[in-house]
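Enquirer: So the chains spell out like this:
Number of protein chains: 2
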Amino acid sequence: MAVYTEVTDEELAAFVGAYDIGAVLSLKGIAEGVENSNYLMHTQAGFYILTLYEKRVEEADLPFFLGLMEHLSTRGITCPQPVKNRAGAALGRLAGRPAVIVTFLDGMWVRRPDAGQCAMVGEALGKLHLAGADFAGRRANSLSVQGWPPLLHAVEARADEITQGLGDLIKQELAHLEGVWPQGLPEGVIHADLFPDNVFFLSGKLSGLIDFYFACTDAFAYDLAICLNAWCFEADASFNITKGMALLDGYERVRALRDEEIAALPTLARGAALRFLLTRTVDWLNRAPGALVKPKDPMEYVKKLRFHQRVEGARDYGLNR
Amino acid sequence: MAVYTEVTDEELAAFVGAYDIGAVLSLKGIAEGVENSNYLMHTQAGFYILTLYEKRVEEADLPFFLGLMEHLSTRGITCPQPVKNRAGAALGRLAGRPAVIVTFLDGMWVRRPDAGQCAMVGEALGKLHLAGADFAGRRANSLSVQGWPPLLHAVEARADEITQGLGDLIKQELAHLEGVWPQGLPEGVIHADLFPDNVFFLSGKLSGLIDFYFACTDAFAYDLAICLNAWCFEADASFNITKGMALLDGYERVRALRDEEIAALPTLARGAALRFLLTRTVDWLNRAPGALVKPKDPMEYVKKLRFHQRVEGARDYGLNR
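Going line by line, the protein sequences match chains A and B.
Residues 27 to 347 in this note's numbering are what the first sequence spells out, letter by letter.
Residues 27 to 347 in this note's numbering are what the second sequence spells out, letter by letter.
Hints listed in this document are in silico derivations from the structure and should not be mistaken for laboratory results.
In this text, all values refer to a predicted model and were calculated from it rather than measured experimentally.
Please note that the accuracy of each hint is not assured.
It does not matter which identical chain is used: a pair holds within one copy or between any two.
Claimed, not checked - No more than 35 angstroms apart at the CA atoms, straight line, and that leaves these computed lysine-lysine pairs for DSBU-like:
| no. | residue 1 | residue 2 |
| --- | --- | --- |
| 1 | K322 | K81 |
| 2 | K231 | K110 |
| 3 | K110 | K329 |
| 4 | K231 | K197 |
| 5 | K110 | K197 |
| 6 | K81 | K197 |
| 7 | K197 | K322 |
| 8 | K110 | K81 |
| 9 | K197 | K329 |
| 10 | K231 | K322 |
| 11 | K329 | K231 |
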């Protein structure tokens, strides 16, 4: 949950005055999104989300994210749309931070996804990968294998405060993955953070995708590996192969995986687990007393990583071939 | 900011299914209200606030609060209205907690109120006191002078962790107030927590009042004393007599203060400062590391209390007679 930045009435009125959406009638900080400050804003023209980008988002990346959301929408993917001001700009500044207004998207995220929802997410991910194919923007994935050593360095000395041996686990896993990380897989725009809270459902159907602020150019199968981690484990960290099967099957209904992607899946899944283990460990060790955001538990990803380490092939995730 | 309780999709659908407001389209936790979990809910019928009452609110008091909101609305006070389900009940249970759906109220609260807004708040407070006159419900003020000794007891041993001498300051102030606390002042329904974040403005006018969960039966002038504390001090804890004058003047345009209320005002203002100093001290000393709610600074009320201790009469607050 997140509201890091308070906005004064005067600043807000000046900012919104540059748009054709009427006066602000209501502004409520919403408890979603860990990276930015998000407000639900009611204006005379309707409901919107006002986002202020906090330090974790690179300002130089914002045109990529906003352009991607616009592009995907024209290709049939339902996602929030940046609203442009009268000068034609989607990106502005408010309270000293980059800020945008995006359209409000109905929908609810599921706390406990079932296999049917996993199938729909797989399908949506496949569609996202195809829809991004002709997007001109490129952005390197700063949280892929090259981005992990600095994170290891940041947590190495204190990781064992979380659990005995965590530092060694991360170090050894990183060394392994650096040696075997796949190259040359089919790539394009990936979401890179398609967790349940970023996927909306309405009346039993997937209704939209949100939060493109980790999107980047990387291997499609890595995005799928992130989703296997995010959607197919139970609360006790056991892998639900029925959900895995549903997710992979949903994906392949849209985009068939190549042999080299299938072969790489266990390695990519280990990498995805390590990536979230690393960032959660950083957040956990740096949590401030009294902070507004409750950091997510790194131990969840220790367990997931250990599962992937024992996997022998994509069949163990439910792939039927 | 507050979302203490997560609601599952199934529970929510079952709860909302008992109302005539259509299906839920969106539910976002909002970062407002320290005592309860609040969600902004979009249904097929419109926007609502869903509130889950957490431990600080006594379930037995809820019919008083909800009945009061309904009563005030019929008397011309704009405030959220409890929505009744098909069985005619405003109060239900969700995720193991008492829960209500209230109407969504547009409006923005002001971070830095000016004298004009103080005048409008004074006037609204006077109207609230008159509008509550024929409300049948009664609720004792559990946070008035009789309720302070248990709070002192709870913080006594550790208050000096906040500032040297705080324990003694509170103890001596409480002893003083117990001896001089006024009796027999005009009383009725008071809001008892009319801080800036509970007052909405739109287009320069006061548009509504929210959060009646401290409302109770007590002296009207005590409510005014709470507002003097909440609205008329600057960020550096200096008292702005222009704002005090505006607040008192606004109030008296609606309801004239009696001589005994005027005489009691400095004592009531000290009591109001002590009441918020006590609860903030409790919250501060009991803040959990990583908690979602950032406790408010007790020192603000130490400074306000010290101001009131030096006040000689209601003239020092800006009363022109």
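Enquirer: Taking the hints in turn, state whether each one holds.
Expert: For each hint, the structure was consulted:
In this homomeric assembly, K322 and K81 come within 35 angstroms of each other (Cα to Cα) both inside a single copy, at 19 angstroms, and across copies, at 25 angstroms. Proximity of K231 and K110 under a CA criterion of 35 angstroms is satisfied in both settings, with 29 angstroms inside one chain copy and 29 angstroms between copies. For the homomeric pair K110 and K329, neither the shortest alpha-carbon distance inside one copy (44 angstroms) nor that between copies (46 angstroms) is at most 35 angstroms. Neither within a single protomer nor between protomers do K231 and K197 lie at most 35 angstroms apart by alpha-carbon distance, with minima of 41 angstroms and 60 angstroms respectively.
In this homomeric assembly, K110 and K197 never come within 35 angstroms of each other (Cα to Cα): the closest approach is 45 angstroms inside a single copy and 58 angstroms across copies. Proximity of K81 and K197 under a CA criterion of 35 angstroms is satisfied intra-copy only: 27 angstroms inside one chain copy versus 44 angstroms between copies. With identical chains, the CA atoms of K197 and K322 are at most 35 angstroms apart within one copy only, with a shortest distance of 21 angstroms there and 41 angstroms across copies. In this homomeric assembly, K110 and K81 come within 35 angstroms of each other (Cα to Cα) only inside a single copy, at 23 angstroms, whereas the closest approach across copies is 44 angstroms.
For the homomeric pair K197 and K329, the shortest alpha-carbon distance inside one copy (16 angstroms) is at most 35 angstroms, but the shortest distance between copies (52 angstroms) is not. For the identical chains of this complex, K231 and K322 are intra-copy neighbours only, at 28 angstroms inside a copy versus 42 angstroms across copies, given an alpha-carbon limit of 35 angstroms. For the identical chains of this complex, K329 and K231 are intra-copy neighbours only, at 30 angstroms inside a copy versus 56 angstroms across copies, given an alpha-carbon limit of 35 angstroms.
Violated hints, in rising order: 3, 4, 5; the structure is consistent with all others.
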